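Its first residue numbered 1, the sequence shown is counted upward by one per residue in my numbering.
Keep in mind that the hints were calculated from the coordinates and are not lab data.
Wrong hints could be hidden among the right ones.
Unchecked claim - Listed below are the simulated DSSO-like cross-link pairs for lysine-lysine, each with C-alpha atoms no more than 27 Å apart in a straight line: (1) K237 with K220; (2) K209 with K240; (3) K217 with K237.
Said to hold, decoys possible - Cβ-Cβ distance ranges computed for the label pairs, FRET-style: (4) A190 with R72: 37 to 47 Å; (5) D252 with D210: 28 to 38 Å; (6) A171 with P130: 17 to 27 Å; (7) T134 with S53: 16 to 26 Å; (8) G242 with R90: 55 to 65 Å; (9) A207 with A271: 54 to 64 Å; (10) P188 with A115: 36 to 46 Å; (11) T247 with P206: 31 to 41 Å.
None of these values were measured; they are calculated from a predicted model.
For glycine and all other residues, C-beta sits at the position ideal for the given N, C-alpha and C.
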Amino acid sequence: MRTPRARILAITLSSAIALVAPTSAGAEDTQPAVVVNGTFSSPTVPSDKQFESGIDGWTGSGRISATRAAHRLGIQAAYIGSNSLSTRLRGVRTGATVTLSWDDSPDTCVKQGVANRTYAISVAGPANSPGAFTTNPSAGRTDWFIGRTYSFTAAEDAPQITFSSTATETAGCPALIANVAAQQTAPPPAPPKQNDPCAGEAADSPACKDVAADKEKIDKCPPTDRDCLAGVAGDGKAEKDGIAKETQAVDDFGKIPREQDPNTAAAELCALPNALTSDLKPGDAVVPPSEWWFC
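Produce the complete structure using the sequences and hints provided.
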């Protein structure tokens with residue numbers, strides 16, 4: 001069967017358009033933020049255990065084995081027990097917008113009918129309200145919710161994030177989290193520093209007040225009225241007098257009489273090098289001293 005040329009052209013054009021489709025605005029400014037040990041893989045839970053306390057790069061609570069977690073990525077998980085779980089996001093600067101993502105699940109010890117596991121996430125900053133989350137229903141097994149998110153604006157460099165349990169019923173069977181990651185958008189650039197010496201508090205100084213007053217007077221002068229401008233800025237007499245003095249000083253320096261010929265003065269310096277080289281024979285130096293020294 002033959003495919004009409006028009007149809008081939010349409011398919012080709014549509015494919016080209018798909019390849020060059022623009023990204024969403026601001027996407028190019030978003031970069032991954034470092035979450036140390038975000039998969040809770042270190043250290044590995046021993047094969048004869050299901051959970052252990054302590055997680056590299058984090059403080060508080062502990063980790064459970066990949067087998068007990070039964071996460072789709074085959075990774076270990078962290079439990080949010082009576083101790084909160086915290087870490088710092090390295091490389092995030094104050095003012096950056098951060099979106100944290102992770103997965104959560106009830107632990108296997110949470111039996112069916114027990115209230116879903118609840119927990120909160122918090123980060124420093126008056127504008128950052130804590131986030132409240134609830135896992136999937138408890139059923140005596142893990143049931144992962146993929147892709148929880150929490151966004152905030154960093155109030156400090158390397159902000160600390162904290163997961164805390166809020167469960168009251170069967171608190172010993174905690175919520176689990178896994179696969180923690182983060183994206184950040186850098187803070188807006190700082191405004192350029194003011195180069196105006198009379199900016200800010202300095203504007204009230206006597207000198208700056210005089211400058212401001214003169215500027216106001218100059219603004220009222222017509223551009224072609226030299227007398228008006230001279231009345232404010234002056235005629236430059238002091239500057240002209242200073243230039244004249246410098247010019248005269250240079251002229252006077254050039255007119256100072258020299259009592260001794262430069263060659264005569266240089267000859268007086270030859271006594272020492274002549275004494276050092278007087279015993280040299282023609283074969284003692286590749287270049288004779290007479291050719292590399294004035295004397």
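Verification of the supplied hints:
no.: 1; hint: K237 with K220; result: holds, 23 Å
no.: 2; hint: K209 with K240; result: holds, 26 Å
no.: 3; hint: K217 with K237; result: holds, 20 Å
no.: 4; hint: A190 with R72: 37 to 47 Å; result: holds, 43 Å
no.: 5; hint: D252 with D210: 28 to 38 Å; result: holds, 36 Å
no.: 6; hint: A171 with P130: 17 to 27 Å; result: holds, 18 Å
no.: 7; hint: T134 with S53: 16 to 26 Å; result: holds, 25 Å
no.: 8; hint: G242 with R90: 55 to 65 Å; result: holds, 58 Å
no.: 9; hint: A207 with A271: 54 to 64 Å; result: holds, 60 Å
no.: 10; hint: P188 with A115: 36 to 46 Å; result: holds, 43 Å
no.: 11; hint: T247 with P206: 31 to 41 Å; result: holds, 34 Å
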